[in-house]
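Engineer: Heads up: the sequence shown at position 252 corresponds to 252 in full-length UniProt numbering, and the numbers run straight through without jumps.
Warning: the hint list may mix true and false statements.
Unchecked claim - Listed next, the in silico DSS-like pairs over lysine-lysine satisfying Cα-Cα at most 27 Å (straight line):
1. Lys13 x Lys235
2. Lys316 x Lys150
3. Lys160 x Lys235
4. Lys251 x Lys219
5. Lys286 x Lys219
6. Lys239 x Lys291
7. Lys13 x Lys316
To be verified - Estimated spans, in silico, between C-beta atoms of each pair:
8. Ile20 x Asn314: 24 to 34 Å
9. Arg161 x Asp287: 31 to 41 Å
10. Arg163 x Leu243: 41 to 51 Å
11. Leu243 x Leu277: 36 to 46 Å
12. Tyr198 x Lys150: 38 to 48 Å
13. Asp310 x Leu243: 32 to 42 Å
14. Ile152 x Thr111: 24 to 34 Å
If you're looking for bench data, these hints aren't it; they were derived computationally from the structure.
Keep in mind it's a predicted model, so treat the numbers as computed, not measured.
Cβ atoms here follow ideal geometry from the backbone N, Cα and C, with glycine treated the same way.
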Amino acid sequence: MGELLRLLKKGNKSALLAGIVNAIIAIIKGATFILTGNVAMFAETMHSLGDAANQFFVFIGSALSKKTPTARFPNGFGRLVNLVLLGAVLIVGIMSFETIREGFRHILHPTESSGFILNVSVLGIAVMLEATVLYKAMKEIVYDEDIEVKGINILFQSFKRLRNAKPATKLVFMEDLVATGGGILAIIAVIISNFTSYHQAEGIASILIGLMMFFVVGKVFLDNAAGAIGEADEKMEDKIGSLVMRDPDVKDIQGINVIKEGEDFHVEIEIEIEPTLTVAVADDIKDRLEKKILTEKGITDVLIEFDEDDGLLNWKK
């Protein structure tokens, strides 16, 4: 129990915050839907429920992935977060299907909902809360890239660097981006339905929100399927390669692999050195390089192999 609590403290904070916020929002939206019968509100309730469940799964998965390697699992549990996310997207997929189905049902059999002020107020508060969580995820993406930006520039930089974000942070970002956009879309549909006779607007909004959720499902599934298999990170390979080549005793790099497992990186590198160096000197070089590489954020282990310098330069990056 003590180890579990220790691991949970290391879980992704953005996912935990997003899960709590979306759970509260889902309860409020659900109660509003029961009172008003608004289909757009039903879509948003399903959306928030799916997001909350997803993000709690992500928080737990990101925490358990920090578990120390064991004799049975010597490579650690980094890919566990990817496996959890693959399971979590199934929940959002089911919610998406129900949302789209309810939207089609309302278009075919439109009904007038009540509680205009209540619907708009709840959706407006939900949009503000979800936008706050989205902004926090944006800041985390930028922070992980070790760059300092302020104001509106955080928005642009977070989109630009989303590909390199941690799996859990990326999921929170995408889900709350869709949640914020879906909330605005639902508000527009409620306004149209209230001030015109076009009550099908709520059904159309429900379908569009469901399709947006399906987009998140597809994107998250593809990203985490690659992570679960073990995806090479070319950007980190270039960074580590440049760092190693700056060492005066390194003549060349024959090969380098940086495998991303969850939020962790595993580095395997083969370098060329002078054949006249002693084993003791080579061991000092190995220790020095390992220490430098392990200072890079996210790298958990390094495997260095040596070969004699063949006089040809292979590393040209």
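Engineer: Take the hints in turn and mark each one as holding or not.
Structural biologist: Here's how the hints hold up against the structure:
no. : hint                        : in the structure
1   : Lys13 x Lys235              : 25 Å, holds
2   : Lys316 x Lys150             : 36 Å, violated
3   : Lys160 x Lys235             : 14 Å, holds
4   : Lys251 x Lys219             : 41 Å, violated
5   : Lys286 x Lys219             : 39 Å, violated
6   : Lys239 x Lys291             : 15 Å, holds
7   : Lys13 x Lys316              : 39 Å, violated
8   : Ile20 x Asn314: 24 to 34 Å  : 51 Å, violated
9   : Arg161 x Asp287: 31 to 41 Å : 33 Å, holds
10  : Arg163 x Leu243: 41 to 51 Å : 21 Å, violated
11  : Leu243 x Leu277: 36 to 46 Å : 20 Å, violated
12  : Tyr198 x Lys150: 38 to 48 Å : 43 Å, holds
13  : Asp310 x Leu243: 32 to 42 Å : 22 Å, violated
14  : Ile152 x Thr111: 24 to 34 Å : 41 Å, violated
Comparing the model with each earlier hint shows violations of hints 2, 4, 5, 7, 8, 10, 11, 13 and 14; every other hint is respected.
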